[in-house]
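So the sequence lines, in the order shown, correspond to chains D and H. Here the first sequence is numbered in our numbering, starting from 1 and rising by one per residue. Here the second sequence is numbered in our numbering, starting from 1 and rising by one per residue.
Mixed in with the good hints, there may be bad ones.
[To be verified] Which chain D residues face chain H? A few, computed with CB under 8 angstroms, are given here:
| hint | residue |
| --- | --- |
| 1 | N66 |
| 2 | Q238 |
| 3 | H239 |
Hint data in this document are derived by calculation from the structure and do not stem from the laboratory. Glycine included, every Cβ here is placed at the ideal spot set by N, Cα and C.
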Amino acid sequence: MSNTLTVALIGNPNTGKSSIFNQLTGLSQKVGNYPGITVEKKEGQCKLPGGKRARIVDLPGLYSLNTSSMDERLVTELLLDPKDPNYPDVVVLISEVENLKRNLYLFTQIKDLGIPVLLAINMIDRMSRKGITLEVASLEKKLDTKIVLVSTRRGEGLDRLKEILADPASLPRGPIMDIGRVAPDYFGELKKAFPEEDLYRLWLSSSQDTNTTAVDLGALEALKSNFIKSEEDLKKLQHRETALRYQKINEALKGAYGVDPEKAKGLRASIDRILTHKVFGYLIFFALLLLIFQAIFEWSSYPMDFIDAQFAAASEWISENFPPGMLTDLLAEGIVAGIGGIVIFVPQIAFLFLFIALLEESGYMSRVVFLMDRVMRPFGLSGKSVVPLISGNACAIPAIMATRTIENWKERLITILVTPFTTCSARLPVYLILIALVIPEEGSFMGIGYQALTLLALYLIGTGMALLSALVLDKLLKTKGRTLFLLEMPAYRLPLLKNVGLTVWDKTMSFVLGAGKIILAISIVLWFLGSHGSSENFDRAEEIVGQRIEQQGLATGSLINLQVQLDSRREDALAQGLSQARLRDSLQLWTQELEQTAKAQEIAGYKLEHSYIGRAGKAIEPLVRPLGYDWKIGIALITSFAAREVFVGTLATIYSVGSEDEEPIKARMAADINEAGQPLFNLATGVSLMLFYAFAMQCMSTLAIVQRETNSWKWPLAQFVFMTILAYIVSFAAYQILS
Amino acid sequence: MDLMQGQRGTIREFSEHNLPVKLMELGCLPGNVLELVQIAPLKDPIYINLNGNHIAIRRSLAALIEIDIIVEPQAP
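Here chain H stands alone, though its shape is the one from the complex (with noise of 0.2 angstroms):
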């Protein structure tokens, strides 16, 4: 996952046995969005915005959600 802060993306299909069951109950399906909300001090834990759900995930688990950054448009 390479967001940048503030960013948000749409989650690409995955094989499944890479994410941990309760990634996906929460929210991490293809087609969801999520939004990076803010990187720790020290980089690491990062907190995401998946679905709804408010939550910190580490680096480590983030790297294996594969994703397809939206543009946002820009504001006039």
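Just chain D, same shape as in the assembly (with noise of 0.2 angstroms):
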């Protein structure tokens, strides 16, 4: 053995794991999936009293070694093979005080098979509230273990732990029960065939759905098929072992726990009656929903805008101060602009789980499921989805993070697939602007502006489709047998402080650095792409923009944009009480001023349209034509897949208004023509826009967090060729029968 002790904590949910876990580990925690499937896997180290250290692994809760999830099976695999390298030296089997009989289920199960376990017993800060007594001494001597009570919130009982855990040796093993007495003909033929195997770990590797290697399961399955000839036989072996488990652990409690009836009845059921009620609970339900989206649509966009003009900023002062050239340029507008990107998303990601972290702590979650289930389960939805549905309408990639908390795996992934349909905030600016363009200001609906009735329509279809996409999604996907569903109610708790803010803390860091890894990288690929381009018109952008500029005068774009400037200066001015000749001279001052600049986005304006990215938007024309688009906004179709809200700064770009000021750039967009004669944006395009924004998965950041939760390229990828081709036929429907 390695002079690092490898401990395991097990324990059944809703027992306090993951606060004893970070208790033992602290910031020391490494937080990860487990190789191929979606587990998340968390180990940490501890230091133990004589300077031995101990890794921690925090495995994932259940009740049972007969697993019935992908988490559980884990942990049966883990424990039935010495040779994997998580397998644990010690067990720390982690139970709560007032479920304590539930708890010993488990316990029994790994004792059986001759793992070393140390019991701890959780929050026995509640005992006295419960009326719950305990003899410690004689529950060790029965279940044959050493007992460590625990209270992670007045942070008792962990000092002991770690005593007993640098003394491994001093932890009894062997099994607590005569697992042969389930069934004495098999289990006898058994032990003649493998002399050397723990029986209980045959038995387990036999009767479960695992791919262990550390038995030999050909020779184990011949000799089952003698006694054990249908499903039936098996369940009524398990059912025997279920009764004689409880019976052992019912004769050792005898005497040694105690629950007075009275006290035990707590809070619980009176809370209950109100947050689960049919008119209440639901009213406290989507007030909550309210305030969370109200923290992540609102409260988070001003730390939002602060990071953007930092991150400006800083981007400007790299442009100033370095010497010109293609590094400070990769550098100022790629690397920097790049993970702004990135560091844009931690406010509403912080927001989000902050209140995640409080409803799962305090237990109320288990509530929201209840309520939810039936309204969710037809679409093949958890209870649970209905967060990050309703998060994504502010934006997907706190949302899909938040699916982490629904445990049927079928379930989350239908979730994280249909969550980018959800209306986020990005796809807002993009709206506006179109429907100030084809949408008339004048009329209403039943005294509803036709302006306030599309974008109500925007938001109603993308509810819509993402309902509608989960229930052929729940029909497509095949999973292995049926899930059971089976949800513990947990008793209330008052959160703890410091595990609502790991839990913010590690899923701000899992996304900055997994998923910003591929922002990043994507962010500097659309950057060269966007401004380089090997042609003569590329390079010699300057100096063609100067000659047609000396010869037929500024863009429309660009006069557009200067007299709004103009204009607005000179309010300014004159609001300030300037004089006449004074003004006369500013005038002639800022127009100068201004025909500069306008020049200067003139030429980036051509360069854009001559990069890469431009030669690609005039390349996919052909493409796009027939949904009502022309290369212009082919160019802001592959430039906002970054972000779906650069598509208006695109066309700024590209228009050469410069400015990010709604007014200039609509008043451009609505001068431009097609070549027909009529305006670019009308009726017909606007909306086939609109519905192209609406369904295509224009954000390559949703695409890096969905690669980082589903742990493939698979399902991100599946996901952007199917929205992408949904979005282009109805795009394509809609112009056809519009125009």
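The task is to assemble the complex, starting from two chains supplied on their own in separate frames and drawing on the hints.
So this is what it looks like as structure tokens:
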């Protein structure tokens, strides 16, 4: 055995396992994925008395080694295979004082595998309130183990836990139950065939759907078929095992564990009556959703604007102070802007996970599932899918991360795949400018203006498409076996600040470091393609545009923008009481200055048009023409793959408007004429574009987070292809019908 | 299972092939007591107290559990 002890934390869900893990490891913990599957892997280091160290592995919560989900199977497979690098030297079985009987069920199973088990009984601070009495010494003897009483809330018992871990040899090992009593004939034969093996290990290997290599499954199967002929035979034996285990546990608890029934009836019943009430239950839940939505939509806009401004300033500072050249451009416009594009999501992620951690820690999340299960079930979604779907209306990134709380893999996957259809805030600028252009301001239906109605329709279409795709995916995706809906309704608890903080920290870091890499890489590529070109037009942009301006004057877009800027400055000046004579001088100066800027902007627009992206936009023009788009929109479609709102900025650059203000861009867009001599942004094109943005996966950050959360490229690519094709078809139909 | 909200019952002997092992492991064994705590607003799922374990299950699963209703003595 190496000097580092491997300790596995195992326990039922809701026993405070993560609190103990957090207190043992602090910030030394690492969160990753188990290879090939998407079960979260958490481990950390812990110093033990006497200078030893322990590697603490936090395993998914489970009720029994008889598994029914991917997470649970992982634990059973690990405990069956001593050659696994994570195979524990010691198991700390974490139980909770109120549900001790049920927690001990898992304890007896692990004990029977012959692994040294230390029993940690958590939440002892609740004992007196719940009228629970516990005889530790007697229980230790009957269960053949060492017991530590822990209260993570008060920080008690953890030192004692570490002391015992420092001397692992002192822990008794060996089975607590004679598993042979389940089926004496069968187990007799097993013992003869595998004299070296632990009997319970053999029984588990043969009764579970696992891929363990630790025992010869073939030989085991052959022997098993003589005794267990059907699924029903197997269940009969498992039933007997369950009854025997509870018999053993009841014997052990007799006289050592007592509950005063008067005190045990706690607050839970009365709180539940309100929170799961058919009217108040929903009202409270929707009020909470509204609050969460407000936080990620409204409150986080302040830190986001701040982050945006800081990164823009940093980028500008680098461009001004570093020697000009390709490397400076890469740093300022590629890397710094790219990192800014990652950090900008941090406030939303932090807010959402603050709320989610509070909901989970307090025990309320289970009530949400209870309330919403029947509503979401027909769509193949979980009651827990409601939180991600609503959050998706602010931003899909934190919403998709929030699906981690859904235990069932299929329900989680469907939620991940459909969340990007909900109307995230990045779609808003695109919708708003298009609505302003093509939907008449006048006129209303039932008192609601057409423009507002259109926006509402777009939100409804997003939600509708999310649910519809969920329905389809539910039919398409096949999963092994039926999953059981069995939801624990834990006791209500005050959330621990440390756990909430660590969750927020964890999620934020996992986004910044995990998905961030992909986002940064894509944004550098997009920056390169948008700012480089290999044609003569691109290289001589300054010269060509300069000549054109000399001969034909400034372009329409520039003129419109110039006039708008000039007007606003004049108004400001008049408001400040500038004299007419001074104003005239100023106007002349401003015009010169604005003309210089306009020239620079036209060069930028010309460069973009002839960059690699510009050429790609022109190349896809035949493809997007049936949707009513021209090459300018084509370019904007490609650049806005970075993020949807980039659409507006790109059009501003192409039209040489230069400013991000809506008015001049809108004016310039409205003035654009297509080949037929009609306005380019007519109703048909506008609606077609809005629908395209409603359905297409125009967001590299979402793809990156889906890659991270599903741990494969298969799902994000499938999602991208499906959404783009869908968007294409719908926009095509809309344009053809309307034009 | 045909309890009313708030009622309790004793679990009867049952044939194993119906019930998932998991439910047995959570204490759904003959002789144990089950209480119907709450029915969700849309009638499904239901929230039960099974031998001290507070869990929610779907109606279809609950239908498989056979019980004898305990008649509570009326408060005077």
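Any hints from earlier that this structure breaks? Give me their numbers in increasing order, please. none
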